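K.L.:
What follows is the residue order along each chain.
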Amino acid sequence: MTKWIRWSGLAGFIAVVAVIAALILLLLPFIIKSGIEFVGTKVAGAKVTLDDADVTLSPLGVRLQGLQVADAREPMRNLVEFDEAMADLELAPLLVGKAISNELSVSNLQFHTERETSGALDMEPKEDEETQGPSLKEKASEALPSVDEVLARETLKTPAAGEALKNSWKVQSERVDSALNAVPDTDALAKYEREIKEITSGRLESLEDFRQRKARLDELKARFKADREAIRQAKEAVTTARSDVSEKLSELRAAPGEDLAYLKDKYQLSGAGVSNLTGLLFGDEAANWAQEALYWYEKIKPYLESDGEEDVSEEEEKAPRLAGRFVHFPTSDPWPDFMIRQARLTGPFDGGQLIIEGRDITHQQTVTGRPTVFTATGADLKKIGDLDGRLTLNHTLGNATDTLTLAISDWSMAPLPLGVAGARLASSQVRLNSKAVVVSGQLNADLDAQVTQAKFTGDGQTVFAKELNSALQGITRFNVDAGATGDLSSPELSFGSDLDKQINSAISKRVRAKQDEFEQKLQSRLNAQLQEYAGDYAEELQQLSRMEGSLDDKLSALKDLASSELEDFKAQQEREAKEKLDAEKAAAEQKARDEAEARKKELRDQAKDKLKNLF
Amino acid sequence: MLSLVARLFKALNSDSAPGQVAFGFALAMIPGFTPFFSLLTVLVLLIACILRINLSAFILGVIAFSVVGYALDPVSANLGEWILTLPGLTETFTSLYQNEWLRISAFNNTVTMGGLVIALALLIPVTLISRILILQYRKRLLSWVNKLKIVQALKASKFWAIYTTFAE
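Those sequence lines, one after another, are chains A and B.
Note that my numbering gives residue 13 to position 13 of the first sequence, counting from 1, and the numbers run on in steps of one.
Note that my numbering gives residue 64 to position 64 of the second sequence, counting from 1, and the numbers run on in steps of one.
Isolated chain A, as found in the complex (with noise of 0.2 Å):
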């Protein structure tokens, strides 16, 4: 048997492989380091710097010191760092490759901490993202102007009337002066009465009397006429004038009414305003943080979805020889190429520590047939009263389903800017629950948070500023519903809270009356300008109205005026032979009447003197 045995070559290979265990012992370190820095920048998109890695040989493990991640986003704020990570690895599954760890343990383990220099890498800059069009906080600051600012950027009816108006009537205001300067006055038409009546009274003394009273009488029509001719155009231009006036100033008044209804229509202040009101002042921060978490989703779902077929695949394009493939057997130890069975990371948190701890943490979890499993606790926390987190990423069978689940209870939220209006939520307690579960990349998540003690307040100096802190004023407690559906790249975010009937409820009063107090004062400042365009052209149309009657009453003068003849000669004197001879008559008549009377008197005494001396 001894012919068969080599002790040498048992001496020589125990000596080359401690030589080869030694050199990998001594490189070991610097490749862990180099690797970590490596391949976490890579997956980072920023800087990976490891202060220091040690290998310890008993128990078989590494230590890491000083590891930080930077924000690909935030280059000068670390995403992650810690002090120190150590992890005991199994020895077995080393030899063939396969790191494996019991228990990771990493202290001080702090996010969003701020760095000395830049993490940012030395890359072509990415293209300016699209412009986004502006948030919901900037609409609602832009939709809530001052009735200032309204005026002066809306180009109204208002002052257009109002200059149409003024236009108008310096039209229509020198036609009529012009034309009333053509209009016999007062006085002319006294001194044409005096003249009618001293050419129509007194007596024809003879025939060239007549003559010459019928040449003056006929001049005098003659500027009738002329006048009259004056007054009809006079009064033509101050009917125009005041049709075209009148017309103008129906607009103008009309204008202010029409604005109105416009600025309402476009500046809503009616319950729309209001009615996403719990989207309007939690969306922002909801995004935010529905964003930090799916940056981390998006950083680990890669390795989540592989599995050991497809690492074979890659492997069998760049190995020179086939890699064949591992056939996994039931066992309550499985070998997965990576995996932290236990691992427990704490780090200051809230004035205490957050504790994180996960399980079977893998990317190979067909191996493990278990899913991976984080659980995030606090402890003493000063604001926190009970925090429980749990994620679960079950990897396990095709149909991937990843779970988050998050309850917080006795929560002193710090002061929350709304970043609306100036409105802060300043101080409440908040009990939170929320689930949400991601299969075939599909979100489907909803929250449920109750606020109690909220106290609210703010400063905006705008109308909605205002007008929503009073309305916070009143609120002290409020649920808030959140939910996510959709695509996980974009999903569909949906708020809903008795905070919106509560304030909706109390400010809708308010807003409508300040909707009002709104209106009025468009109304206010519409009717001034309407004033100042219009204050003194209604006096000027009834002084147009009034010249109108003026003017008619001077045309019917004249018109009676222009009636007047005067009587021929002839006429004259056949007239007075009639009247002569009438009274001749009248007279004659007269005298038979008195005769008849008397005789008629005397015949009545003689009779009573008869009837007398019979008794």
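What the hints contain is simulated information worked out from the structure, not anything from laboratory work.
From a predicted model like this one, the values you see are computed outputs, not experimental measurements.
Any given hint could be a false lead.
Estimated spans, in silico, between C-beta atoms of each pair [stated by the list, open to error]: (1) Ile-150/B - Leu-60/A: 52 to 58 Å; (2) Ala-11/A - Trp-101/B: 19 to 25 Å; (3) Ser-107/A - Asn-78/B: 47 to 53 Å; (4) Ile-63/B - Leu-60/A: 31 to 37 Å; (5) Ile-63/B - Gln-65/A: 40 to 46 Å; (6) Ile-63/B - Gly-486/A: 55 to 61 Å; (7) Ile-14/A - Trp-101/B: 16 to 22 Å; (8) Val-39/A - Ile-150/B: 52 to 58 Å; (9) Ser-118/A - Asn-78/B: 50 to 56 Å; (10) Ala-153/B - Val-39/A: 55 to 61 Å.
Listing some non-contacts, in silico: residues in chain A with all C-beta distances to chain B over 10 Å [claimed, not checked]: (11) Lys-33; (12) Gln-342; (13) Arg-359.
Stretch-level coverage of chain B by chain A, calculated; a stretch enters the list once three of its residues show a Cβ under 8 Å from a Cβ in chain A [said to hold, decoys possible]: (14) 36–48; (15) 69–82; (16) 97–105; (17) 109–118.
No residue lacks a Cβ here, since even glycine has one placed at the ideal position from N, Cα and C.
Given the coordinates of chain A, assemble chain B onto it according to the supplied hints.
P.N.:
What follows is chain B alone, placed relative to chain A:
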């Protein structure tokens, strides 16, 4: 490389046990037909060191059988797949799988299993055939080879100097 070949020639030409040379060569099939960087290779290397076999024959055999193994891998993979998924052996493999040291031998890899089975199956035949060939070589060809002019020329070369160094 020249040293290795020279050593092999020395072993073939000397009175070294032909079985040691033949087994060293045949044993090289295991690392040659299976993935090289594995615990199995280390184990075979340990055996090669401990057993009094001809290391030159072993190393040259590893090189030669690796080339053969490259072409043989698809066959090995299919064979390994068939063996590892045999229902009758599932229980056995499952129990073997519970032992971490067996597991690190990567026996559950299809190429490893297939290559190992082929190598083990051929180990004895290849050893015996190699041994016979070595004996026949020494008996019939050695004197004839030494008389060849090309061998004469070789004896005057650097190769011969190395050979004689090991032969002394």
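K.L.:
Are Val-39/A and Ile-150/B spaced within 52 to 58 Å by their CB atoms?
P.N.:
holds (56 Å)
K.L.:
Examine the segment 69–82 of chain B: at least three residues should have C-beta closer than 8 Å to a C-beta of chain A.
P.N.:
holds (count 8)
K.L.:
Hint says 31 to 37 Å; check whether the CB-CB distance for Ile-63/B and Leu-60/A agrees.
P.N.:
holds (34 Å)
K.L.:
When you look at the beta carbon of Gln-342/A, is every beta carbon of chain B farther off than 10 Å?
P.N.:
holds (19 Å)
K.L.:
For the range 40 to 46 Å, tell me whether the beta carbons of Ile-63/B and Gln-65/A fit it or not.
P.N.:
Given a distance of about 44 Å, which is inside 40 to 46 Å, the answer is holds.
K.L.:
Go check the segment 36–48 of chain B versus chain A for me, would you? Three or more residues, Cβ under 8 Å, otherwise it fails.
P.N.:
Coverage by chain A holds for the segment 36–48 of chain B (6 residues, Cβ < 8 Å).
K.L.:
Kindly confirm whether 55 to 61 Å is satisfied by the beta carbon distance between Ile-63/B and Gly-486/A.
P.N.:
Distance hint for Ile-63/B, Gly-486/A holds at roughly 60 Å.
K.L.:
Checking C-beta pairs, does the segment 97–105 of chain B have three or more residues closer than 8 Å to chain A?
P.N.:
This one holds; 6 residues, not fewer than the three required, reach chain A with a Cβ under 8 Å.
K.L.:
Could you tell me whether the CB distance from Ile-14/A to Trp-101/B stays inside 16 to 22 Å?
P.N.:
holds (18 Å)
K.L.:
Would you say the C-beta atoms of Ser-107/A and Asn-78/B sit inside 47 to 53 Å of each other?
P.N.:
With Cβ atoms ~50 Å apart, the hint holds.
K.L.:
Holds or violated: the 52 to 58 Å window for the beta-carbon distance between Ile-150/B and Leu-60/A?
P.N.:
holds (56 Å)
K.L.:
Is 50 to 56 Å right for how far apart the beta carbons of Ser-118/A and Asn-78/B are?
P.N.:
Between Ser-118/A and Asn-78/B, where Cβ atoms are some 54 Å apart, the hint holds.
The structure is consistent with each of the numbered hints, conforming to all of them.
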